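As given, the protein sequences belong to chains X and U, one line each in that order.
If you use the working numbering, the first sequence corresponds to residues 1 to 206, in order.
If you use the working numbering, the second sequence corresponds to residues 1001 to 1402, in order.
Hints in this document: simulated from the structure, not taken from any laboratory.
From a predicted model like this one, the values you see are computed outputs, not experimental measurements.
Hints are not guaranteed to be accurate.
What the hints assert, rightly or not - A short, non-exhaustive set of chain U residues, derived as facing chain X with CB atoms under 7 angstroms: (1) S1084; (2) C1091; (3) A1108; (4) A1325.
Claimed, not checked - Some chain X residues well away from chain U (every beta-carbon gap over 12 angstroms; in silico): (5) E8; (6) K10; (7) E11; (8) Q12; (9) S13; (10) E15; (11) R76; (12) F78; (13) W81; (14) T84; (15) Y93; (16) K96.
Cβ coordinates follow ideal geometry from the N, Cα and C atoms, glycine included.
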Amino acid sequence: MRGVQLSEWKEQSDEQVFEAFRAEEPGAYRELIERYHDDLLRFLTRMVGDRAAAEDIFQDTFLQVHISAHSFDSSRRFRPWLFTIAANKARDYLRKKNRRKTVELSAPIKKSESGASFVDLLEVDIPSPDTAMDLSERDEMVQKALDQLGPALREVLLLAYFQRLSYAQIAEDLGIPLGTVKSRMHSAVASFARAWQSVSKGEKSL
Amino acid sequence: MNPDDQQSQTPSLEEQDQQLVDRLLEHGMGAHEPEIGEESRLQGLLGLLGTPVQGESHRESRADMIEILARRIQREGLAETRLSPEDQAACDEYVESGYSVDAVHDAARANQLEALGSIVTAGDTTLGSREKLVAQTLSSIQAHIDAEESAMKLEPRSGFQLPGRWADLVSIAAMLLLAASVIMPIMSGMRSMNQQGICFNNMNQTANAFGLYTGANRDMLPMATAGFGPTWMDVGTTPERSNSSNLYTLVRNQFAGLDDLACPSNPKAATGDADPDAWDWNSLEEISYSYRIMPQGGMRATSIDQPVRVVLLSDRSPVVLRIKANQAVRPEENSPNHDHTGQHMLMLDGSATWSDSPMLDSRDNIWLPRPIESVIHEARERHGIMTGNEQPDGPTDAFVGP
Chain X
1 MRGVQLSEWK
11 EQSDEQVFEA
21 FRAEEPGAYR
31 ELIERYHDDL
41 LRFLTRMVGD
51 RAAAEDIFQD
61 TFLQVHISAH
71 SFDSSRRFRP
81 WLFTIAANKA
91 RDYLRKKNRR
101 KTVELSAPIK
111 KSESGASFVD
121 LLEVDIPSPD
131 TAMDLSERDE
141 MVQKALDQLG
151 PALREVLLLA
161 YFQRLSYAQI
171 AEDLGIPLGT
181 VKSRMHSAVA
191 SFARAWQSVS
201 KGEKSL
Chain U
1001 MNPDDQQSQT
1011 PSLEEQDQQL
1021 VDRLLEHGMG
1031 AHEPEIGEES
1041 RLQGLLGLLG
1051 TPVQGESHRE
1061 SRADMIEILA
1071 RRIQREGLAE
1081 TRLSPEDQAA
1091 CDEYVESGYS
1101 VDAVHDAARA
1111 NQLEALGSIV
1121 TAGDTTLGSR
1131 EKLVAQTLSS
1141 IQAHIDAEES
1151 AMKLEPRSGF
1161 QLPGRWADLV
1171 SIAAMLLLAA
1181 SVIMPIMSGM
1191 RSMNQQGICF
1201 NNMNQTANAF
1211 GLYTGANRDM
1221 LPMATAGFGP
1231 TWMDVGTTPE
1241 RSNSSNLYTL
1251 VRNQFAGLDD
1261 LACPSNPKAA
1271 TGDADPDAWD
1281 WNSLEEISYS
1291 YRIMPQGGMR
1301 ATSIDQPVRV
1311 VLLSDRSPVV
1321 LRIKANQAVR
1331 PEENSPNHDH
1341 TGQHMLMLDG
1351 SATWSDSPML
1361 DSRDNIWLPR
1371 PIESVIHEAR
1381 ERHGIMTGNE
1391 QPDGPTDAFV
1401 GP
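Pulled out of the complex, with its shape left as it was, chain U reads as follows (with noise of 0.2 angstroms):
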């Protein structure tokens, strides 16, 4: 396109809309009082700038709004075709009766309209195997749920035989936490001993924690909200939405302490006691430990015989933390709780561990999931990484070494 042409081809309004404009101006805009007539000019006009305009776009020049408004209208194919104000007044009545016909004063109208709709709505749904997409769209659902079972590894047939189950699980718990103790490494020195001793002891605490709160509530782990969308990370400011909110349930229902749920190495961890009304942590700062990311519909908890064991709890996640400093994150990171060497798990089952790696046994990065990880593994396999043989892709690349 030759830039000639763009300027000449410049869109404009319509002479009674500049005109409208003017008077919008010159009134302060939202202070105008449309003449009769013009209350649909007016309102489109209105509603092409996105808001009631009350004093923030009449710093605009007049050209330049003029301009802004003439691009929406075309952009929005309103430019070329308006029904005329009987038929404009026809409609209104007619979407909002609820599409009646007989509540349109103007019958004929009424009927053009009408007969408009039902040529949009008409159409000719045989072509293709109706049975084949119900079949479709009814396998394409089974697999979800096949995808995320497995992921879970979860079977929700077997009921969780509290009391006993979790009794015996935190006496294992305890020995872990004796053996633990024995086998810590001593360079960490007294202190982070110290702290990673009264961390596990909050494991510990709350497996108990867990346990009296599904006895309590059919076998169901803690949740706050019937599910979540993407922004499970939003600590505080969205917690109805919010993970944590739903391990803060616990704090809530008074089967915890926010104590409980705070490790001695997160200086920013909220402690004493906790507001009734509160739902959620303040900040993500706050908080430290990460609790299972709850699926739609919550988790039940279940018997220890699983195939895989399920991280229920675990020191808090650098990669959330990275996320939401807009940091680069990096998988294999150990959690900042104790000076990035490891990190204590509680298993579903109710056992309490450390781990130097946040890799499970089965490979599975507890701080992520398995699609990402996926991603991840699959860029590695064929990339690897670089062997300063590597070139820019093209003049647009940026790309610097050393």
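If we strip away everything but chain X, and leave its shape as in the complex, we get (with noise of 0.2 angstroms):
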């Protein structure tokens, strides 16, 4: 029965897959967490960078979603609104986080001695990421240099690599000008390439 079950879901939409478990179809929100969890989980953990917090605001992004499952606009794509309330959890969890930094980030900025510098990512060597390297290796890598670039720069990369929004969509997810959220964007693309390239060559840091 369950197999039949499953066979069926596979060729529905999430928003299909969405409407039959708000008619309370057993199963259908069983294969909606089932289809996000590569997805979604890969998104956190990038995003907080901690593999056991981000499987922790996977549960809650569920549970807000089956909460809030009554405003949903049927209408509307199901994977932007879930990344949406992942994305403030994620948010939610990094600024508790960090409130313990507070004094931290009050601190005195150091002066860029060169002031701003332009990547050219034609100049860039960005190696790929499956050359003898083994997975977990190279998620740590990748890790590693996200974590180089600040939580608003990580934010939008994620945001745009993962769900593919246009610049004035992510300005509205996170209530932000569209010229900043391209700005940030541009800087994320570079200091992301710049730090990839320097922890790929194992270099320290940049």
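Two chains, two separate frames, one set of hints: put the complex together.
Encoded structure:
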């Protein structure tokens, strides 16, 4: 019975499965959770940099989706809604985690010696991640590179690449001006490119 | 950290950005036309200032603004690395085309952007057990559902046998009204008693209205919205989320009049003809009765044989009034409707009753949700009341005595 049900779900869109869940069809919600396990968990792990915390937020996210199910506009897509909820939860987590570091935040910031520098992607050697590297090692390195970005840049980069949202959508989701999204995205891409190059070459940091 | 170090490490803007700020100030911010190649810098700076600046921030001195911007740039991690203008253009094309490499004129840059994306989104999710996390997620949701159900003490399986049931209940309520009018304490005075009588009558009128409404709405109790968030006490201002708009559904759909929901002892109660376009009372003060907070998805009227009787309506909550007035909350306080002597309660089973305490027999306080009651209870159990032997918790603890 379950097997039949599962194969039926596979042919249905996220929105259809979500509607089935709202119609209280058994197994529908499990299907959604399983469907997003990999993607959402990766997104959250990248965002908060901690697998255990990401798993907690993953659970919270689906609980929130369950609670707010009635408010979902079925003419919209499910995925961006899910990721928006997850991003909000991750942001809350980071805010709480960083609250203890307020002293550090208000501490003086190092003066840049050289001012801003431009990254030209054509001049950056972006090593392919799957060359002679085991999965967990690669995972650690990606995280290390992402950790070199501030939370604001990391968030824009992840929302863009995971959700493939337009600038306007990201601006709406984060409630920040479009110009800020663009400049953050540019900086995030540049910073990550450089950080990844540096990390994958085994250098300590930038 | 040495304070001198702090002084010497004040961040500064890059020369080009400083010049841009100068030009912005000179041209009155928003009026400045960016020069070629300057758009992204300008966008970045205006973005960092929070909103498109039209007149407010130019009052700040140049030095202040530069420092603010520099600090923000540093904090956001923007200072060290920027994309080259060619990459910025490619990145914008790539994002706006829906992340299509083919749509970007500069294929080589698009490929680099795509490669970075695949690095970011790749990851090892085989760590840990997938099945375990799915099961944990499902069980945390189930725990939430169980907690809600036990808080509501509801069994949705039983439908509400409306006309007969409510007619019976209204009769019982009428008898209770008689009984209540006999046992009302005489010391509360004739006027107060009369008001209580009218109020009691309102309860019964409203019980009737609830009966008619649920009969016409598949047993669902009145609800204006599909759900609400944490702002259910914002009467009038956000009527689509306030709990009073749920009760107002009775008025809007003409099952009850404003007068039926106006306690005579509330001087600001809204009375008379209702505005046909209104969705809610205008303010908290206009409301005389507090309605059961509707759970997500609404609530079904259930049969009379509940293990615990659910309060559907009562004289208005003093707790919400105090919270909105920023006053200290007294959980056991009675409703202000009847000089804090007690309150009427209309139960889900249709019976109306008078109680001189907001605590039900089950020790459930009708003004508060269970988690808050538990916290209060625990705090009292743990700390009791002051004995006069308490000490301040260190030199920073403000604590005064007689």
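So, going through the hints one by one against the coordinates:
The restraint placing S1084 of chain U at the interface with chain X holds, with a minimum CB-CB distance near 4 angstroms, inside the 7 angstroms limit. A hinted interface residue such as C1091 of chain U counts as satisfied when its beta carbon comes closer than 7 angstroms to some beta carbon of chain X; here the least separation is about 6 angstroms, so the hint holds. A least Cβ separation of about 6 angstroms between A1108 of chain U and chain X falls short of the 7 angstroms threshold, and the interface hint therefore holds. For the restraint placing A1325 of chain U at the interface with chain X, the shortest Cβ-Cβ distance is roughly 29 angstroms, beyond the 7 angstroms limit, so the hint is violated.
Remark: the non-interface label on E8 of chain X is consistent with the geometry, its nearest Cβ contact in chain U lying 18 angstroms away (cut-off 12 angstroms). Chain U leaves K10 of chain X outside its interface by the beta-carbon criterion, the shortest separation being 16 angstroms against a cut-off of 12 angstroms. The non-interface label for E11 of chain X is consistent with chain U: the shortest C-beta to C-beta separation is roughly 21 angstroms, beyond 12 angstroms. Separation of Q12 of chain X from chain U is adequate, the least Cβ-Cβ distance of about 18 angstroms exceeding the 12 angstroms criterion.
The Cβ of S13 of chain X lies farther than 12 angstroms from every Cβ of chain U, with a closest approach of about 18 angstroms, so its non-interface assignment holds. For E15 of chain X, the condition that its CB be more than 12 angstroms from all CB atoms of chain U holds, with the nearest at approximately 18 angstroms. Its beta-carbon lying about 15 angstroms from the closest one in chain U, R76 of chain X satisfies the requirement of being farther than 12 angstroms from that chain. Residue-level check passed: F78 of chain X sits 16 angstroms from the nearest beta carbon of chain U, beyond 12 angstroms.
The beta carbon of W81 of chain X is kept farther than 12 angstroms from every beta carbon of chain U, the shortest such distance being approximately 15 angstroms. The beta carbon of T84 of chain X sits about 15 angstroms from the closest Cβ of chain U, which is more than 12 angstroms, so the claim that it is off the interface holds. Taking the minimum C-beta to C-beta distance to chain U, about 16 angstroms, the non-interface status of Y93 of chain X holds against the 12 angstroms cut. Remark: the non-interface label on K96 of chain X is consistent with the geometry, its nearest Cβ contact in chain U lying 18 angstroms away (cut-off 12 angstroms).
In the structure shown, a violation is registered for the earlier hint numbered 4 alone.
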